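Based on the hints, put chain Y in the right spot on chain G.
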Amino acid sequence: MGDKKQKALREPMPKQKVKERIKNFNEVALGYTEEQARKEAERCLQCPKPLCVKGCPVDINIPEFIKLIVEGKYIEAANKIKEDDILPRMTGRVCPQEDQCEAQCVLGLKGNPIAIGRLERFVSDYEASNSEIQVPAILAKKNKKVAVVGSGPAGLTVAADCARMGYEVKIFEALHKPGGVLAYGIPEFRLPKEIVGREVETLKKMGVELECNVIIGKTITVKQLFEEGYDAIFLGLGAGLPRFLGVEGENLLGIYSANEFLTRINLMKAYKFPEYDTPINVGKKVAVVGGGNVAMDSARSAIRLGAKEVHIVYRRSRQEMPARDEEIENAEEEGVIFDLLVNPVEFTGDEKGWVKAIRLIKMELGEPDDSGRRRPVPIKGSEFVYDVDTVVVAIGQKANPILLDATPGIKKNKWGYIDADGETGKTSMKGVFAGGDIVTGEATVIAAMGAGRKAARAIDEYLKNGKW
Amino acid sequence: MHKILKKERIGPNLNKFVIEAPLVPRNYQPGQFVILKVDEVGERIPITIAEADKDKGTITIFVQEVGKTTYKLGELKAGDSIFDVVGPLGHPAKVEKIGTVVTIGGGVGTAIVYPETKAFKEAGNYVISIIGFKNKDHVILEEEMRKCSDELYILTDDGSYGKKGFTTDELQELENAGRKMDLVIAIGPAIMMKKVSEMTKQYNVKTIVSLNSTMMDATGMCGGCRVEVDGETKFACVDGPEFDGHKVNFDLLIKRLSTYEKQEKEALNSYKNCKIEK
Numbered sequence: 001m002g003d004k005k006q007k008a009l010r011e012p013m014p015k016q017k018v019k020e021r022i023k024n025f026n027e028v029a030l031g032y033t034e035e036q037a038r039k040e041a042e043r044c045l046q047c048p049k050p051l052c053v054k055g056c057p058v059d060i061n062i063p064e065f066i067k068l069i070v071e072g073k074y075i076e077a078a079n080k081i082k083e084d085d086i087l088p089r090m091t092g093r094v095c096p097q098e099d100q101c102e103a104q105c106v107l108g109l110k111g112n113p114i115a116i117g118r119l120e121r122f123v124s125d126y127e128a129s130n131s132e133i134q135v136p137a138i139l140a141k142k143n144k145k146v147a148v149v150g151s152g153p154a155g156l157t158v159a160a161d162c163a164r165m166g167y168e169v170k171i172f173e174a175l176h177k178p179g180g181v182l183a184y185g186i187p188e189f190r191l192p193k194e195i196v197g198r199e200v201e202t203l204k205k206m207g208v209e210l211e212c213n214v215i216i217g218k219t220i221t222v223k224q225l226f227e228e229g230y231d232a233i234f235l236g237l238g239a240g241l242p243r244f245l246g247v248e249g250e251n252l253l254g255i256y257s258a259n260e261f262l263t264r265i266n267l268m269k270a271y272k273f274p275e276y277d278t279p280i281n282v283g284k285k286v287a288v289v290g291g292g293n294v295a296m297d298s299a300r301s302a303i304r305l306g307a308k309e310v311h312i313v314y315r316r317s318r319q320e321m322p323a324r325d326e327e328i329e330n331a332e333e334e335g336v337i338f339d340l341l342v343n344p345v346e347f348t349g350d351e352k353g354w355v356k357a358i359r360l361i362k363m364e365l366g367e368p369d370d371s372g373r374r375r376p377v378p379i380k381g382s383e384f385v386y387d388v389d390t391v392v393v394a395i396g397q398k399a400n401p402i403l404l405d406a407t408p409g410i411k412k413n414k415w416g417y418i419d420a421d422g423e424t425g426k427t428s429m430k431g432v433f434a435g436g437d438i439v440t441g442e443a444t445v446i447a448a449m450g451a452g453r454k455a456a457r458a459i460d461e462y463l464k465n466g467k468w
Numbered sequence: 469m470h471k472i473l474k475k476e477r478i479g480p481n482l483n484k485f486v487i488e489a490p491l492v493p494r495n496y497q498p499g500q501f502v503i504l505k506v507d508e509v510g511e512r513i514p515i516t517i518a519e520a521d522k523d524k525g526t527i528t529i530f531v532q533e534v535g536k537t538t539y540k541l542g543e544l545k546a547g548d549s550i551f552d553v554v555g556p557l558g559h560p561a562k563v564e565k566i567g568t569v570v571t572i573g574g575g576v577g578t579a580i581v582y583p584e585t586k587a588f589k590e591a592g593n594y595v596i597s598i599i600g601f602k603n604k605d606h607v608i609l610e611e612e613m614r615k616c617s618d619e620l621y622i623l624t625d626d627g628s629y630g631k632k633g634f635t636t637d638e639l640q641e642l643e644n645a646g647r648k649m650d651l652v653i654a655i656g657p658a659i660m661m662k663k664v665s666e667m668t669k670q671y672n673v674k675t676i677v678s679l680n681s682t683m684m685d686a687t688g689m690c691g692g693c694r695v696e697v698d699g700e701t702k703f704a705c706v707d708g709p710e711f712d713g714h715k716v717n718f719d720l721l722i723k724r725l726s727t728y729e730k731q732e733k734e735a736l737n738s739y740k741n742c743k744i745e746k
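In the order they appear, the protein sequences are chains G and Y. Using this note's numbering, read the first sequence as starting at 1 and increasing by one per residue. Using this note's numbering, read the second sequence as starting at 469 and increasing by one per residue.
So that you can see chain G by itself, here it is in the shape it has in the complex (with noise of 0.2 Å):
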């Protein structure tokens, strides 16, 4: 009985202790040890229509590759998941698979689905510390070219389709490294730099050019790109520009956009400074605006910049943050304060313009808006004062304006963004397709890569038949 009662549980994932992990920037879980992964992948009951794959944006074959894993064939599992998802290390970490495939997971009504990120996670990892690069079949060469603005998810996804059905592809990133937010914005103690580093080395292993430094739209434009030769091109911007609040006070110093704050500390390594010359300010006090992925990557990260109190600041109430449970969780587990139903209005500053205190009102929950949570409504006479010396807003991204403003053929949405097929990727300029953030807004890293995908796809029909 005791057995199977264990045997209901998921395996916990090991995570270094709290009060290590807050003075480092490492990652914080651990992974699974082999023992774990075979006796998490026992689990699985191999159901014979599996719905954990409906739930995967990309379609991963996941009981299969968790059979190999009970069979003991790590890297024969981390060949098969990649069958479907190139990334399998990163999307093992940052996917919020407890509302995709672990959300659909049978085992999940009692409250225990199998841990498939873990389990991703685990054999990938296994097979990148084992084995060798290993570069995909290739088919015969087309004689046509790819150019892929952008080396984030949707980006790198598109280039190692492309390569793999023969076409020739470049990669254009406007940073000088590539990665795009799994660079600049998810930080270390998540997503391990050298991951990212391994991948892109996998594309160029496959024939892929990259080339840093190059903003399409200002160091070539779109129009140049293709009378260089390109056939098509795939747009991967991101989304890129922040929102801010729009609040009295918003431009006080010490107050950081958290693309700004966190692209400090994960692609510059401010947390290095003065060995790297990039500084940040992190005072005693923080307070970071936002309750997603973004919002909790601050936090935390001001907490290992040493800051003594980190506040989240949140509209709605825990029940609607869009960040991970896992990642609320080890916030919590780190000190970060919850300051729920409450939105800034206002910013004070001293003299040399300094922000110094943040003005609150309490909100509360009316009807529901278009995203169907309830939308927060502030409560008259409840405003409050605390001081802060420190602020991040995290309240998402519109679209960056660079590559639009040069290319008046490719329309925008209501929203700014890119109006691209969802199923194609194709936007109205002939020969132009594109995925991630730029289309739909802030999103996940494997929503970008499913749209990455599809692009590939469509891009190889395109190349194929010219029909548009």
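Do not rely on the hints blindly, as some may be mistaken.
[Unchecked claim] Using C-beta positions, here's what the derived DEER-type ranges look like:
1. G/E367 x Y/E700: 23 to 33 Å
2. Y/K632 x G/G396: 51 to 61 Å
3. Y/I659 x G/G246: 26 to 36 Å
4. G/R318 x Y/E508: 36 to 46 Å
5. G/N24 x Y/E734: 14 to 24 Å
[To be verified] The calculated BS3-like cross-link candidates involving lysine-lysine, where the alpha carbons are at most 27 Å apart (straight line), are:
6. Y/K723 x G/K269
7. Y/K730 x G/K272
8. Y/K602 x Y/K733
9. Y/K562 x G/K412
[To be verified] Selected chain Y positions facing chain G (Cβ under 8 Å, derived; list incomplete):
10. P493
11. K505
12. D552
13. K702
14. V706
15. L720
16. R724
What the hints contain is simulated information worked out from the structure, not anything from laboratory work. No experiment lies behind these values; they were computed from the predicted model shown. Using N, Cα and C, we set each Cβ at its ideal position, and we do this for glycine too.
Just chain Y now, kept in the frame of chain G:
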């Protein structure tokens, strides 16, 4: 990697570089800038392009040594390389024929106003240039500016070269003399741009300034460069760098420029001490 083809010390703490940057000149227009990162551990800093040579695939920049990064750059010689150079960034200057244009350069800002002065001259304007420096040793681009100006006034704070005074003094004299001014372009320290804008606002002369706020990615992604123009928040990197000087909140700009004052001092001191020990 971007090879430095030429490096010239042209004044105290001021260097001129010609750098290989084959992709930058192709779409370059006056008023635009590059982001550069000196080495692996370097920060990303914006530097305005003074000249771009499409045939040679090179750009010319002027860099004043003020902090660790610019001192590190100053240590480099011809033949050395800069890790990353990306651009051209920002909106180009709106160059058109409008009559009489007054271009004002303060210190190293002269290197930024120079390509625009040239462009306005080529567009058929009558160009009056006013350039101001700390003292004789800091004077740069005199000959270049003379070539593209119908009138050139040079000022130094201490009078050791040209007239004694500030660029605003000369501007005031032009106004006092009743000279026609259709457009003023002022590029230099924030305080100079503020003073010029305050003055021209009284005369009702349109004034363009180029804002040097702190940037990181310079592609609109971080918002660190945000400035207030006409009461609205703008990003200097993608909405600028040039704005209507009469609408810019210069006090906020000046405050925001001090964001990393403490770290900048610390980094520079330890860099210099380190040099001495070596």
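Open item on the list: Can you verify the interface hint for Y/K505: is its Cβ closer than 8 Å to any Cβ in chain G?
Closed with: 6 Å, holds
Task: Status of the hint placing Y/R724 at chain G (closest C-beta pair under 8 Å) - done: Constraint on Y/R724 satisfied, holds at 6 Å.
Open item on the list: Would the hint linking Y/K602 and Y/K733 be met if the CA-CA limit is 27 Å?
Closed with: OK: Y/K602 and Y/K733 at ~22 Å, within 27 Å.
- [ ] Return holds or violated for the Cβ distance of Y/I659 and G/G246 against the range 26 to 36 Å.
- [x] 29 Å, holds
- [ ] Below or equal to 27 Å on CA atoms is what counts here, so check Y/K562 against G/K412.
- [x] 26 Å, holds
Open item on the list: Does the beta carbon distance between G/R318 and Y/E508 stay inside 36 to 46 Å, or does it fall outside?
Closed with: Because 42 Å falls inside the window, the suggested range holds.
Open item on the list: Does G/K272 sit within 27 Å of Y/K730, going by the straight-line distance between their CA atoms?
Closed with: Holds, at about 16 Å.
Open item on the list: Please check whether G/E367 and Y/E700 have a Cβ separation lying inside 23 to 33 Å.
Closed with: 31 Å, holds
Task: Per-residue hint verdict: Y/V706, partner chain G, C-beta under 8 Å - done: 6 Å, holds
TODO: With a cut-off of 27 Å on the C-alpha distance, tell me whether Y/K723 and G/K269 pass.
DONE: Cα-Cα ~25 Å, so holds.
Task: Interface restraint verdict for Y/K702 against chain G (beta-carbon cut-off 8 Å) - done: Check failed: Cβ of Y/K702 comes no nearer than 10 Å to chain G, outside 8 Å.
Task: Hint status (Cβ of Y/P493 to nearest Cβ of chain G, threshold 8 Å) - done: 10 Å, violated
Going down the numbered hints, you'll see the structure goes against 10 and 13, while the others check out.
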